[in-house]
Amino acid sequence: MNSPRITARIVRTENGENYTEYRVGGVSYPSAEAVEAALETR
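Under my numbering, the residue at position 14 of the sequence shown is numbered 14, and the numbers go up by one with no gaps.
Note that these hints are calculated values from the structure, not bench results. Keep in mind it's a predicted model, so treat the numbers as computed, not measured. C-beta atoms are modelled at their ideal positions from N, C-alpha and C, and glycine is treated no differently. One should not assume that every hint holds.
[Stated by the list, open to error] Between beta-carbon pairs, the in silico distance windows are: (1) 39 <-> 16: 28 to 38 Å; (2) 7 <-> 40: 13 to 23 Å; (3) 41 <-> 14: 17 to 27 Å; (4) 40 <-> 14: 31 to 41 Å.
Model the full structure from these sequences, guided by the hints.
See the structure below:
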């Protein structure tokens, strides 16, 4: 089984707020917990 590649990036919104976005297989997730939950269902 291949491990999916996970990319994390810091995004700054137009109003100056920062958040971290996680991408797995072209799908964006709002948190590391959301990524973990998605990977557990595979």
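### Task
Check each numbered hint from earlier against the structure, then list the numbers of those it violates in ascending order.
Checked against the structure, the only hint that fails is number 3, while the rest are satisfied.
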